[in-house]
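Colleague: As a plain string of letters, each chain reads:
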Amino acid sequence: MEILMAFVIGILFMCATYLILSKSLLRIIIGTGLLSHGAHLLLLTMGGLKKGAAPLLGEEAPSYTDPLPQALILTAIVISFGVTAFFLVLAYRAYKELGTDNMEKLRGTEGND
Amino acid sequence: MINFLLLPILIPLITGVLLMFINKHVMLQRWVASISAFVTVIIAAMLAHKVHTEGIQTLNLSNWDAPFGITLVSDMLSALLVLTTSIISFACIIFSFRGIGQEREKFNYYASMSFLIVGVNGAFTTGDIFNLFVFFEVMLMSSYVLIVLGGTKIQLRESIKYLLVNVISSALFVIAVGYLYSVTGTLNMAHLSERIASISADGQLGIITVIGVLFMIVFGLKGAVFPLFFWLPGSYYAPPAPVMAIFGALLTKVGVYSITRTYSLLFYHEGGTIQALLGVMAVLSIIFGVIGAIAYWDIKKIIIYNIITAVGVILAGVASMNEDALAGSVFYIIHDMIVKAALFLLVGIMIAITGTSNLKQISGLIKNYPGLAWTFFIASLALAGIPPLSGFVGKLLLIKGVFDAEHYWTGAIILMSSLFVLFSVMKIFINGFWGKPLTYKGEEKAPVRQLMAAPVILVILAVVYGVGADFVFPYISQAANILVNPDLYIDAVLKE
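Listed in order, the protein sequences are those of chains A and B. Just so we're aligned: 64 in full-length UniProt numbering is position 64 of the first sequence, and the numbers increase by one with no gaps anywhere. Just so we're aligned: 108 in full-length UniProt numbering is position 108 of the second sequence, and the numbers increase by one with no gaps anywhere.
Check the hints yourself; a few may be wrong.
[What the hints assert, rightly or not] Listed below are the simulated BS3-like cross-link pairs for lysine-lysine, each with C-alpha atoms no more than 25 Å apart in a straight line: (1) B:LYS161 - B:LYS50; (2) B:LYS495 - B:LYS367; (3) B:LYS50 - B:LYS153; (4) A:LYS105 - A:LYS23; (5) B:LYS427 - B:LYS441; (6) A:LYS23 - B:LYS495; (7) B:LYS427 - B:LYS360; (8) B:LYS106 - A:LYS105; (9) B:LYS50 - A:LYS23; (10) B:LYS153 - B:LYS495; (11) A:LYS96 - B:LYS495; (12) A:LYS96 - B:LYS427; (13) A:LYS105 - B:LYS153; (14) A:LYS96 - B:LYS50; (15) B:LYS495 - B:LYS360; (16) B:LYS495 - B:LYS50; (17) B:LYS50 - B:LYS106; (18) B:LYS106 - B:LYS445.
No wet-lab data here; the hints were simulated from the structure.
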């Protein structure tokens with residue numbers, strides 16, 4: 001199971017890298033979304049995918065899954081959610097002010113003489 | 001009081017929350033922000049004294065024992081960096097009164113500043129690797145707001161790049177923590193160190209080295225180490241002077257601190273590979289930093305490239321891993337934070353007067369602004385490391401350590417770099433302050449006298465820090481001692 005997850009995560013990272021290297025700002029933001037999905041799935045996989053009950057003491061199971069990676073992922077999800085929301089608004093604002101979403105045209109030349 | 005080491009995090013946090021409620025009352029905000037920053041300075045100084053007399057302070061949050069809960073650890077290095085952070089943030093807040101403009105102050109400028117300090121102080125104090133990630137995000141999120149606040153075109157353009165780079169490096173941080181957790185099964189740094197020691201003893205060095213290099217990439221991106229500094233010159237160019245000062249002084253240094261902490265505490269077992277890599281990256285950072293600093297005729301760019309050089313110098317000391325070199329690094333990192341903040345603020349005043357950052361359009365400022373000129377001159381000499389001033393002792397110790405570790409080329413390059421650093425700042429002094437005075441558009445309006453307060457405080461501090469090296473040295477050597485003997489740290493946290 002871990003092997004399969006590793007392949008899936010690898011593909012996610014591959015797509016994210018490809019999208020982040022493109023010119024359009026929206027494709028870049030979609031790339032960062034895929035990148036954080038990959039990172040969160042990796043965290044889950046690296047905690048171990050052994051079979052066990054959901055980490056609720058009411059289940060009274062002989063063994064539970066590891067609760068720590070789930071807490072880490074929950075934290076990482078809300079952080080990346082906040083950052084992505086900020087990034088999207090920034091992209092919207094930049095599009096309005098600068099009139100382009102092409103990264104090639106967002107080059108700076110100040111102080112380069 | 002056992003919760004004492006929490007106060008440098010807690011005070012700015014509460015202040016930040018308060019400031020959001022009074023964001024339309026500019027005068028009240030200024031008072032609250034500056035008083036809270038001043039209180040933080042005093043608390044941090046008391047904390048440093050406490051660590052000096054009573055040893056490493058640890059606090060298990062909510063009374064969970066060490067590897068299971070989050071532990072905050074304040075050793076001498078953390079305490080000194082927290083103190084420096086507090087002083088610099090206080091200076092930048094004072095500078096902001098006249099230096100940032102009401103339109104920014106009304107939109108949660110001081111609140112963002114407070115949260116930035118929460119993140120930086122938290123990152124310096126935490127003893128848990130995932131908690132370090134969270135504090136990094138607190139710091140970065142506030143820095144995103146500060147870099148874009150005001151919404152001018154250049155700020156929008158550059159903050160997109162800054163944000164993208166940091167989103168990627170944060171994802172890499174999560175990935176690195178995931179790998180480390182799967183190998184060791186713990187997140188507490190002291191416990192991690194023990195587990196990594198036992199894994200290394202079993203001979204499974206490969207995976208530890210890979211994770212170590214991954215952490216180097218993560219922290220290198222945050223700390224602007226060659227070849228990962230490409231985002232820094234553009235991003236730091238965009239925001240206004242006080243924001244630039246607090247970024248240049250604090251943000252990269254958090255990355256440098258994290259490298260120092262992880263490589264002295266976690267990955268010291270395997271020596272060799274990682275250390276050699278760190279040494280090479282440090283030397284190349286120095287070289288590329290000075291190339292940039294010499295190449296530009298833009299006063300902001302010159303100081304920005306000097307950040308990269310300084311990061312390289314500090315990491316060259318860390319790569320040597322003996323007590324002298326580490327003491328030099330600690331001494332130098334504190335000096336560099338103070339002097340970089342002062343230089344950015346002085347450059348900000350020059351830009352406020354002249355309305356341009358192009359050095360070719362500035363000359364003769366010394367005639368009308370002698371105070372500014374001589375403060376800048378002293379700050380430049382301190383940056384280059386001229387003997388009575390603060391840069392000297394750190395670099396001396398550092399080079400002694402580097403030569404003891406038989407890295408002769410590194411030592412030679414550090415010595416050479418001082419010359420080029422001196423040349424780059426003297427270029428500003430000679431071309432900008434000497435020569436024929438010109439008239440500038442901002443000359444009437446710029447409140448130079450009020451703005452000078454903050455950089456003068458910092459420069460006086462830099463001079464005192466250099467002249468009083470005998471007084472501060474016991475603190476520095478205590479910090480270096482813990483870096484060389486990680487067992488002290490582990491014993492303090494795990495209470496064995």
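Colleague: Each hint: holds or not?
Modeller: Status of each hint after checking the structure:
At most 25 Å may separate the alpha-carbon atoms for a hinted pair to count; LYS161 of chain B and LYS50 of chain B exceed this at roughly 42 Å. Between LYS495 of chain B and LYS367 of chain B the CA atoms are separated by roughly 62 Å; this puts the pair beyond 25 Å, and the hint is violated. A C-alpha spacing of about 47 Å is found between LYS50 of chain B and LYS153 of chain B, which places the hinted pair above 25 Å, so the restraint is violated. With a CA separation close to 9 Å, the supplied pair LYS105 of chain A and LYS23 of chain A stays within the 25 Å bound.
Straight-line distance between C-alpha atoms of LYS427 of chain B and LYS441 of chain B comes to about 23 Å, which keeps the hinted pair within the 25 Å bound. A threshold of 25 Å between alpha carbons decides the hint, and for LYS23 of chain A with LYS495 of chain B the separation of about 53 Å lies outside it, so the pair is violated. Distance restraint check for LYS427 of chain B and LYS360 of chain B: the Cα-Cα separation of roughly 11 Å lies within the 25 Å cut-off, and the hinted pair is therefore satisfied. In summary, the hint linking LYS106 of chain B to LYS105 of chain A is not supported, as the alpha carbons are separated by about 32 Å, beyond the 25 Å threshold.
Our distance criterion of 25 Å between C-alpha atoms is broken by LYS50 of chain B and LYS23 of chain A, whose separation comes to about 53 Å. Distance hint between LYS153 of chain B and LYS495 of chain B is unfulfilled; the C-alpha atoms sit about 54 Å from each other, more than 25 Å. Straight-line distance between C-alpha atoms of LYS96 of chain A and LYS495 of chain B comes to about 57 Å, which puts the hinted pair past the 25 Å bound. A distance of roughly 40 Å separates the Cα atoms of LYS96 of chain A and LYS427 of chain B; the hinted pair therefore is violated under the 25 Å criterion.
Between LYS105 of chain A and LYS153 of chain B, the direct Cα distance comes to roughly 13 Å. Compliance with the 25 Å bound is thereby established for this hinted pair. Our distance criterion of 25 Å between C-alpha atoms is broken by LYS96 of chain A and LYS50 of chain B, whose separation comes to about 53 Å. At most 25 Å may separate the alpha-carbon atoms for a hinted pair to count; LYS495 of chain B and LYS360 of chain B exceed this at roughly 60 Å. For a cut-off of 25 Å, the pair hint linking LYS495 of chain B to LYS50 of chain B stands: about 19 Å separates their Cα positions.
Proximity of LYS50 of chain B to LYS106 of chain B is assessed by CA-CA distance (about 38 Å); at most 25 Å being required, the pair is judged violated. Distance restraint check for LYS106 of chain B and LYS445 of chain B: the Cα-Cα separation of roughly 21 Å lies within the 25 Å cut-off, and the hinted pair is therefore satisfied.
Violated hints, listed in ascending order, are 1, 2, 3, 6, 8, 9, 10, 11, 12, 14, 15, 17; each of the other numbered hints is respected by the structure.
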